[in-house]
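S.K.: So the chains spell out like this:
2 protein chains.
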Amino acid sequence: MPRTLREFQDRIRTLYGSKDARRGVEGTFMWFMEEVGELSAALRGRSGGKDALALEFADVLAWLATLANIAGVDLDAAVEAKYGRGCPKCERTPCLCHEAKP
Amino acid sequence: MPRTLREFQDRIRTLYGSKDARRGVEGTFMWFMEEVGELSAALRGRSGGKDALALEFADVLAWLATLANIAGVDLDAAVEAKYGRGCPKCERTPCLCHEAKP
Chain A
68 MPRTLREFQD
78 RIRTLYGSKD
88 ARRGVEGTFM
98 WFMEEVGELS
108 AALRGRSGGK
118 DALALEFADV
128 LAWLATLANI
138 AGVDLDAAVE
148 AKYGRGCPKC
158 ERTPCLCHEA
168 KP
Chain B
68 MPRTLREFQD
78 RIRTLYGSKD
88 ARRGVEGTFM
98 WFMEEVGELS
108 AALRGRSGGK
118 DALALEFADV
128 LAWLATLANI
138 AGVDLDAAVE
148 AKYGRGCPKC
158 ERTPCLCHEA
168 KP
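Same order as they appear, the protein sequences are chains A and B.
Just add 67 to the spot in the first sequence (first one is 1) and you have this note's numbering.
Just add 67 to the spot in the second sequence (first one is 1) and you have this note's numbering.
Excised from the complex, chain A in its bound form:
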């Protein structure tokens, strides 16, 4: 099983890369949003239990990885750039400011 973010993104590319390239960014974004809606329902406890909730998180993450693949973005490098030095606003760990993630 892939464990790093890069391995997970590569795995999604291996599984679905050819379908993803044909669908394009607009169509993929609509699929991503459908999964976000299902996550919202699951978080409100309207569908299934804890296992079902976890699977909705997995689906949102998979479609986010697909969007990143289509857009040519490396998720691992992106989170390193944004969160690799602590809070991107105050640069502390844990965050001590009132600007980031209120």
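If you're looking for bench data, these hints aren't it; they were derived computationally from the structure.
Just so it is clear, the structure is predicted and the values come from calculations on it, not from any experiment.
Note: identical chains are not told apart, hence a pair may lie in one copy or across any two.
Calculated cross-link-like contacts (lysine to aspartate or glutamate; reagent style DMTMM-like; alpha-carbon spacing at most 25 Å):
(1) K156 to E74
(2) K149 to E74
(3) K149 to D77
(4) K117 to E105
(5) K86 to E166
Please arrange chain B on chain A, whose structure you already have, making use of the hints.
M.R.: The following block gives chain B in isolation, referenced to the frame of chain A:
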């Protein structure tokens, strides 16, 4: 820098866990959606370049990790359960079915 999904989720908890617990799932979901909106704009090329696009992906991923922390979901275990055996529909790698991710 955290490299595995679990390390990334743990890092977001370390950075923002106390704020996240106070904000709760509903408020956090609204923040998550704001970042999804910014990702949509960046994908349409309306804001910044490739680096800005990557940072929007990082923000969506960070807020997804925050939601998972609040909900008590392990993202690594979730993607293992859903995508650890190939396509969850046809169980092939790459996917060969017409049900998953058309």
